[in-house]
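Just so you know, the protein sequences line up as chains A and B, in that order.
Quick note: the first sequence uses the working numbering, first residue 1, plus one each step.
Quick note: the second sequence uses the working numbering, first residue 1001, plus one each step.
Hints may be right or wrong, so weigh each one.
Here are some chain A residues pointing at chain B (derived, C-beta under 8 Å) [unchecked claim]:
1. TYR47
2. PRO61
3. GLY182
4. SER222
5. SER224
6. GLU232
7. PRO234
Cβ pair distances, simulated, as ranges [said to hold, decoys possible]:
8. PRO1034(B) with SER86(A): 53 to 59 Å
9. SER224(A) with PRO1027(B): 25 to 31 Å
10. SER18(A) with GLU1039(B): 42 to 48 Å
11. SER1029(B) with ARG225(A): 54 to 60 Å
12. ALA1063(B) with ASN121(A): 39 to 45 Å
13. GLU1081(B) with SER157(A): 30 to 36 Å
14. THR1051(B) with GLU55(A): 27 to 33 Å
15. ALA1063(B) with GLU274(A): 26 to 32 Å
16. GLN226(A) with PRO1027(B): 50 to 56 Å
17. LEU358(A) with GLN1031(B): 55 to 61 Å
18. SER224(A) with GLU1080(B): 20 to 26 Å
19. THR1051(B) with ALA201(A): 45 to 51 Å
20. GLU1080(B) with GLN217(A): 20 to 26 Å
Chain B is nowhere near these chain A residues, computed Cβ spacing over 12 Å in every case [stated by the list, open to error]:
21. ALA39
22. GLU51
23. THR109
24. ASP118
25. TYR162
26. THR220
27. PRO327
28. THR350
Honestly, the hints are just simulated from the structure, not real lab data.
Beta carbons are placed, not taken as given, at the ideal position from N, Cα and C, and that holds for glycine.
Listed below are the residues making up each chain.
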Amino acid sequence: MIYLDNGATSLHKPQAVSRAVNWAMHRCANPGRGGHSAAMLAAQKVYDCRERAAEMFDCQPEQVVFTHNCTHGLNIAMHSLIKPGSRVAITGFEHNAVTRPLYARKVETVVAGRKLFDWENTLEEFEQALKSGVSAAVFTHCSNVFGYILPVEEMASLCRSYRVPFIIDAAQSAGVLPVKLGALGADFIAMPGHKGLLGPAGTGILLCGSTPKPLIQGGTGSNSRQQDMPDELPDMLEAGTLNVPGIAGLEQGLKWLQKNGIDKVFQQERGAAELCARELKRLGYRVFSGEHQSGTVSFVDKKDCEILAQKLGNRGVAVRSGLHCAPLAHQSAGTLETGTVRLSFGHDATSKQAQEFLQILQTVK
Amino acid sequence: MKFCYITFRSVTFSQKGEGILRRAGIPGSVQRTPRWMEEQGCGYSLRIRQTDAPKAVALLRQAGVPYRKIYLQRETGALEEMDL
């Protein structure tokens, strides 16, 4: 299979990931719940991952909170920071993981920056939104549909200048681009464990730069007589049993990235995506590409994008089509009615993979 | 050899403390806090050599690791909460 759906999840993980999952399933008990060797081994595995993530994302180990996925982390962050009925700045490229929780809170959103690959427009409109009086900002680091890498460092700096607390959705950037909690000064950064970080599904990380509010309550293995949730991170956000096998696998994904380097991963993904964008244009497709783009590229076929994706799937090419859970991004790009076909390259991207895709595409037209 | 216990509210901070002390050449083990030491119920401790206690406490304070209490071993072998 030519797998080009890494924006949804990475599929071909390093072998060490599945080995670690299997090992933890058979060796690790419940972390923080006992003093016997299997419980302590589980606690050690979880802490190893916390420490490695802290090193990678420029924070302290206790600021690394394990979640079920990126959406879970974003919900905790928004629950902590955003009051119902308030005004919040977002960009024109947000995923439903951001817009739906805001909608549920009856938040008034100020949408800033609708032009793809245009940092000037994004920054200008984002600053205007901050000036207009918003109580918080939530923004993606990289569009899941178009691979547009937003100027998050500058946006974070603007938020700090206007004293607006902010949340970053790093769903598409973690493991591919530098994500630094300390340097960005974000209140929260949410990311999945199963995409660029190469961990198993059911894992995610929320980096906490501010004091959060628990979304769920329950046992933490600490302060058990007290009925309030513990006021210390990470326990205050980790009620219930952690996904230890998933976290053990995630640690191996992080280790692989540290060993191989995220810069190298980015260059490989970007190279393959650029090649596809160039050739797709030559073949007459409407292609969305530009400066500040990741290893994700979307295009529109004259026919139905779902049918094209189905045909490609039948030939062993995995791509995603439709709205990609991001109608706002499609509205911004003018593709809400058609949707797009999305190619999202992963850590194993090669130009050969891109060329094979292009060859198959020409035979299914 | 006498040992002392430094108690923490969470397993994460006891592990963080263990790592800081290990890197400074102070060996210790993370274990469940004996029930009588933890009135809030359930916690983890670091068990280290008593002679290392002053340096260990200084390192934890310097790193901002929130420990709860320190129990030192008396001549009789009994453990007693102490300030360092």
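Checklist entry - Which numbered hints turn out to be false for this structure? => result 3, 8, 11, 13, 15, 16, 20, 21, 22 and 26
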